[in-house]
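Undergrad: Use these hints to put chain B onto chain A, whose structure you have.
Protein chains: 2
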Amino acid sequence: MPRVQPSRGIMITIHHLHDSRSERIIWLMEELGLPYQLDFYHRVPVGGGRLAPETMAKIHPFGTAPMISDGPVVIAESGAIVDYVIHKYGNGKLSVGPQAPNYGEYLFWLHFAEGTLMSQILREFLLDRIGADAQSFPAQRLRQRNKMYFDYVEARLAAAPYFAGAEFTAADIMMVFPFTTLQKFKAIDLAPYPKLRAYLLRIAERPAYKKAMKLADGDATSKEAS
Amino acid sequence: MPRVQPSRGIMITIHHLHDSRSERIIWLMEELGLPYQLDFYHRVPVGGGRLAPETMAKIHPFGTAPMISDGPVVIAESGAIVDYVIHKYGNGKLSVGPQAPNYGEYLFWLHFAEGTLMSQILREFLLDRIGADAQSFPAQRLRQRNKMYFDYVEARLAAAPYFAGAEFTAADIMMVFPFTTLQKFKAIDLAPYPKLRAYLLRIAERPAYKKAMKLADGDATSKEAS
Chain A
35 MPRVQPSRGI MITIHHLHDS RSERIIWLME ELGLPYQLDF YHRVPVGGGR
85 LAPETMAKIH PFGTAPMISD GPVVIAESGA IVDYVIHKYG NGKLSVGPQA
135 PNYGEYLFWL HFAEGTLMSQ ILREFLLDRI GADAQSFPAQ RLRQRNKMYF
185 DYVEARLAAA PYFAGAEFTA ADIMMVFPFT TLQKFKAIDL APYPKLRAYL
235 LRIAERPAYK KAMKLADGDA TSKEAS
Chain B
35 MPRVQPSRGI MITIHHLHDS RSERIIWLME ELGLPYQLDF YHRVPVGGGR
85 LAPETMAKIH PFGTAPMISD GPVVIAESGA IVDYVIHKYG NGKLSVGPQA
135 PNYGEYLFWL HFAEGTLMSQ ILREFLLDRI GADAQSFPAQ RLRQRNKMYF
185 DYVEARLAAA PYFAGAEFTA ADIMMVFPFT TLQKFKAIDL APYPKLRAYL
235 LRIAERPAYK KAMKLADGDA TSKEAS
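As they're listed, the protein sequences go chains A and B. Anchor point for the first sequence: position 58 equals 92 in my numbering, and the numbering is continuous, going up by one each time. Anchor point for the second sequence: position 182 equals 216 in my numbering, and the numbering is continuous, going up by one each time.
Just so you know, the hints here were simulated from the structure itself, not pulled from any lab data. Hints are supplied without guarantee of correctness; some may be wrong.
When chains are identical, the list treats them as one kind, so a pair holds in a single copy or across two.
Said to hold, decoys possible - Mimicking DSSO-like on lysine-lysine, the simulated pairs with C-alpha atoms at most 27 Å apart in a straight line are:
#1 Lys127 - Lys244
#2 Lys229 - Lys92
#3 Lys181 - Lys92
So that you can see chain A by itself, here it is in the shape it has in the complex (with noise of 0.2 Å):
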């Protein structure tokens, strides 16, 4: 089959902070075999946590990952970068179509992987940071609500072997961070989890993944892809 291969006219760049969630994009531009630059930074210890640089908000004002940029444009935000990639560059490969009958599962877990999951878990690690009470009713409900969401990830992965269904797309791509580097920052059990486990040991076996968690991992500044 052949690889969708751009025009060499384009390039992005991945404005790649160590262990945080611009490691999607790397593996995003691998999975569709599309070229990029990666730019590399390190965190920084502040206050306790490890932060973006300060070089960082030189780039974009939010000055924190992910963020690329194709030529003068400068984007940030996951779920932006996804679709502004797939569709701008990849021909809409790894993406599900409107008339397609999972259509509204690929939009649901696309979405879900920040405007639910990642809020709702770093609302759990922000309760920790403070060292709020862990009996108070928002910490308890807060627990309940991930419990929920996390036996809802695990219900999908009992029906099907993708998040969007049958097929690898761009929602797993969104959906595997908080399971697997986020856990360096607080790690959760996973063990009530065993098809969610199973998922992400498939995941761990995709070529794309290797190459790109290895890149996201390493110390090199720049890099394009073959």
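TA: Just chain B, lined up with the frame of chain A:
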């Protein structure tokens, strides 16, 4: 100009929770001129807050708004529902295409509304609710980040009349709620943001917005668009 008229076969039900993100979906349907049924749910007092009633969990395990039914398919997540309706039933109206110069802007704001902005504001609400030390590093950093996001919104609306650029799009439908109805839960001072305030006044004049907010705030149990 002819309105997009779907076949009468379609019947989307919006499961609308009062004072919630689902007002976006009513607004979207009114802007597109698409028929829908509106099922209205009132919030109930729980643990010092006002939550969705338990009956909503019978429709979808998340048990909260927004949710739509499209025949047997139930979809949650604001951004997913907006994409679904626009591309499945709206002929792409209110979206921006991949070849348009403002495609990146459109996608950014569409995803940023929930992926970052709502998530960040709700984190600040959470710290308030649990009575966290406002001088702690995480609380201070959160306030700084949120000011930066509001400044970024203000700068955008100084540069363009709508979030995606010259035209009103679905990015606006995603971006308005945090500055309007969400303010009922905890008011954020919008005085430092004159461009944002002027924008909200322009939005408030849109016939579809007026009609949608009246319906979203009312107590009708069922409604079909003309």
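Undergrad: Any of the earlier hints contradicted here, and which numbers?
TA: none
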